[in-house]
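S.K.: Generate coordinates for the entire structure from the input sequences, incorporating the hints supplied.
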Amino acid sequence: AQSVTQLDSQVPVFEEAPVELRCNYSSSVSVYLFWYVQYPNQGLQLLLKYLSGSTLVESINGFEAEFNKSQTSFHLRKPSVHISDTAEYFCAVSATSGGYNKLIFGAGTRLAVHP
Amino acid sequence: DAMVIQNPRYQVTQFGKPVTLSCSQTLNHNVMYWYQQKSSQAPKLLFHYYDKDFNNEADTPDNFQSRRPNTSFCFLDIRSPGLGDAAMYLCATSRQGYSPLHFGNGTRLTVT
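These protein sequences, in sequence, are chains A and B.
Residue numbers for the first sequence follow the working numbering, beginning at 1 and rising by one.
Residue numbers for the second sequence follow the working numbering, beginning at 1001 and rising by one.
Hints listed in this document are in silico derivations from the structure and should not be mistaken for laboratory results.
All values reported here derive from a predicted model rather than from experimental measurement.
No residue lacks a Cβ here, since even glycine has one placed at the ideal position from N, Cα and C.
Don't take every hint at face value.
Stated by the list, open to error - Think about it this way: if two alpha-carbon atoms lie no more than 20 Å apart in a straight line, the pair counts; the simulated SDA-like pairs of lysine to any residue are: (1) B:1044 <-> A:39; (2) B:1038 <-> A:3; (3) A:49 <-> A:72; (4) A:49 <-> B:1097; (5) B:1052 <-> B:1073; (6) B:1044 <-> B:1085; (7) B:1044 <-> A:27; (8) B:1044 <-> A:71; (9) B:1044 <-> A:45; (10) B:1044 <-> A:37; (11) B:1044 <-> A:110; (12) B:1044 <-> A:6; (13) B:1038 <-> A:10; (14) B:1044 <-> A:24; (15) B:1044 <-> A:3; (16) B:1044 <-> A:19; (17) A:49 <-> B:1100; (18) B:1038 <-> A:5; (19) B:1044 <-> A:107; (20) B:1044 <-> A:88; (21) A:49 <-> B:1042; (22) B:1038 <-> A:40; (23) B:1044 <-> A:40; (24) B:1052 <-> B:1030.
Unchecked claim - Simulated DEER-style distance windows between Cβ atoms: (25) B:1112 <-> A:79: 45 to 51 Å; (26) A:26 <-> B:1058: 18 to 24 Å; (27) A:58 <-> B:1096: 24 to 30 Å; (28) A:30 <-> B:1028: 22 to 28 Å; (29) B:1053 <-> A:1: 19 to 25 Å; (30) A:30 <-> B:1003: 35 to 41 Å; (31) A:61 <-> B:1096: 26 to 32 Å; (32) B:1026 <-> A:39: 17 to 23 Å; (33) B:1108 <-> A:110: 16 to 22 Å; (34) A:72 <-> B:1018: 39 to 45 Å; (35) A:79 <-> B:1057: 35 to 41 Å; (36) B:1097 <-> A:71: 33 to 39 Å; (37) B:1053 <-> A:30: 46 to 52 Å.
M.R.: Structure follows, in structure tokens:
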């Protein structure tokens, strides 16, 4: 069975500093991985995804994540954060089931960017 | 813009009084999901529809039901809400395969 572990429940960081949000997964089959961001009182928005191909995936707002099969990790990074990046970030793995995408989410990491 | 719309954004109901949450989509996706998210927790899948086929998660209480009258709409019915059912309820859609899920903004349910 697939599972996801987000190693940090909260990450405080100063504006313009780099940040890494850690995610480890467990899966016995082909892996499809996602990062979602959730702003207060809103739904989840897709940040980036790994389905196949290049192990480094990037989002349009400066985040990137690297799929590392040997370490079963999919950590999210940004070289310089902004106040507006303050949000909850969820890592998710796709559980293979019947040809549709059933996501298993980690517990989330709250990123707090301070001025 | 194609999107997933949930109504209402905030719903207050009384203990034991049936409540229905609604979700509509303009993406024409054939899979629709309902997730429950309690405060500071990960979203938890309750059930999903693959076209008209309903799929219930094993640990979803019988108190929770769903209806999908057509491709665009899906409803979550809570027959007898308890205090423990207070949560954010998220609707999501996807195409078949490993396509990403598209989420609505959620309905926050309060049970008094």
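S.K.: State for each hint whether it applies.
M.R.: Hints, verified against the model:
Using a Cα cut-off of 20 Å, the hinted pair residue 1044 of chain B and residue 39 of chain A holds, with the two alpha carbons roughly 18 Å apart. Between residue 1038 of chain B and residue 3 of chain A the CA atoms are separated by roughly 19 Å; this keeps the pair inside 20 Å, and the hint holds. Taking the CA atoms of residue 49 of chain A and residue 72 of chain A, the gap is near 15 Å; set against the 20 Å cutoff, the hint holds. Our distance criterion of 20 Å between C-alpha atoms is met by residue 49 of chain A and residue 1097 of chain B, whose separation comes to about 14 Å.
For a cut-off of 20 Å, the pair hint linking residue 1052 of chain B to residue 1073 of chain B stands: about 11 Å separates their Cα positions. Straight-line distance between C-alpha atoms of residue 1044 of chain B and residue 1085 of chain B comes to about 13 Å, which keeps the hinted pair within the 20 Å bound. As the CA atoms of residue 1044 of chain B and residue 27 of chain A are separated by approximately 18 Å, the hinted pair is consistent with the 20 Å bound. Pair hint residue 1044 of chain B plus residue 71 of chain A does not hold up; C-alpha atoms about 26 Å apart against a cutoff of 20 Å.
Using a Cα cut-off of 20 Å, the hinted pair residue 1044 of chain B and residue 45 of chain A holds, with the two alpha carbons roughly 16 Å apart. Taking the CA atoms of residue 1044 of chain B and residue 37 of chain A, the gap is about 16 Å. The hint holds against a cut of 20 Å. The straight-line distance between the Cα atoms of residue 1044 of chain B and residue 110 of chain A is roughly 18 Å, inside the 20 Å bound, and the hint therefore holds. Taking the CA atoms of residue 1044 of chain B and residue 6 of chain A, the gap is about 16 Å. The hint holds against a cut of 20 Å.
At roughly 17 Å between alpha-carbon atoms, residue 1038 of chain B and residue 10 of chain A fall within 20 Å of each other, so this suggested pair holds. Of the pairs offered as hints, the one joining residue 1044 of chain B and residue 24 of chain A holds, with about 18 Å between alpha carbons and a cut-off of 20 Å not exceeded. For the given pair, residue 1044 of chain B sits about 13 Å from residue 3 of chain A by alpha-carbon distance, which is consistent with the 20 Å threshold. As the CA atoms of residue 1044 of chain B and residue 19 of chain A are separated by approximately 27 Å, the hinted pair breaks the 20 Å bound.
Between the alpha carbons of residue 49 of chain A and residue 1100 of chain B the distance comes to roughly 8 Å, so the proposed pair stays at or under 20 Å and holds. A hinted pair counts as satisfied when its Cα atoms are at most 20 Å apart, and residue 1038 of chain B with residue 5 of chain A qualifies at roughly 18 Å. With a C-alpha separation of about 10 Å, the suggested pairing of residue 1044 of chain B with residue 107 of chain A holds against the 20 Å cut-off. Using a Cα cut-off of 20 Å, the hinted pair residue 1044 of chain B and residue 88 of chain A holds, with the two alpha carbons roughly 16 Å apart.
A threshold of 20 Å between alpha carbons decides the hint, and for residue 49 of chain A with residue 1042 of chain B the separation of about 18 Å falls inside it, so the pair holds. Pair hint residue 1038 of chain B plus residue 40 of chain A holds up; C-alpha atoms about 13 Å apart against a cutoff of 20 Å. Simply put, residue 1044 of chain B and residue 40 of chain A have alpha-carbon atoms about 18 Å apart, close enough for the 20 Å limit, and the pair holds. Between residue 1052 of chain B and residue 1030 of chain B, the direct Cα distance comes to roughly 9 Å. Compliance with the 20 Å bound is thereby established for this hinted pair.
Between residue 1112 of chain B and residue 79 of chain A the C-beta distance comes to about 47 Å, which sits within the given range of 45 to 51 Å. Distance hint check: the CB atoms of residue 26 of chain A and residue 1058 of chain B are about 19 Å apart, consistent with the given range 18 to 24 Å. Remark: the range hint 24 to 30 Å for residue 58 of chain A to residue 1096 of chain B is upheld by a beta-carbon distance near 26 Å. For residue 30 of chain A and residue 1028 of chain B, the hinted distance range of 22 to 28 Å is satisfied, since their beta carbons lie about 27 Å from each other.
For the pair residue 1053 of chain B and residue 1 of chain A, the beta carbons lie near 22 Å from each other, so the given range of 19 to 25 Å is met. At about 30 Å, the CB distance of residue 30 of chain A to residue 1003 of chain B disagrees with the hint of 35 to 41 Å. For residue 61 of chain A and residue 1096 of chain B, the hinted distance range of 26 to 32 Å is satisfied, since their beta carbons lie about 28 Å from each other. At about 22 Å, the CB distance of residue 1026 of chain B to residue 39 of chain A agrees with the hint of 17 to 23 Å.
Checked against the given bound of 16 to 22 Å, the beta carbons of residue 1108 of chain B and residue 110 of chain A, roughly 18 Å apart, stay inside it. Take residue 72 of chain A and residue 1018 of chain B: their Cβ atoms lie about 44 Å apart, and the range 39 to 45 Å holds. A C-beta distance of roughly 39 Å is found between residue 79 of chain A and residue 1057 of chain B, which places it inside the suggested range of 35 to 41 Å. With their beta carbons about 27 Å apart, residue 1097 of chain B and residue 71 of chain A fall outside the hinted range of 33 to 39 Å.
For residue 1053 of chain B and residue 30 of chain A, the Cβ-Cβ distance of about 24 Å falls outside the hinted range of 46 to 52 Å, so the restraint is violated.
The structure shown violates the earlier hints numbered 8, 16, 30, 36, 37.
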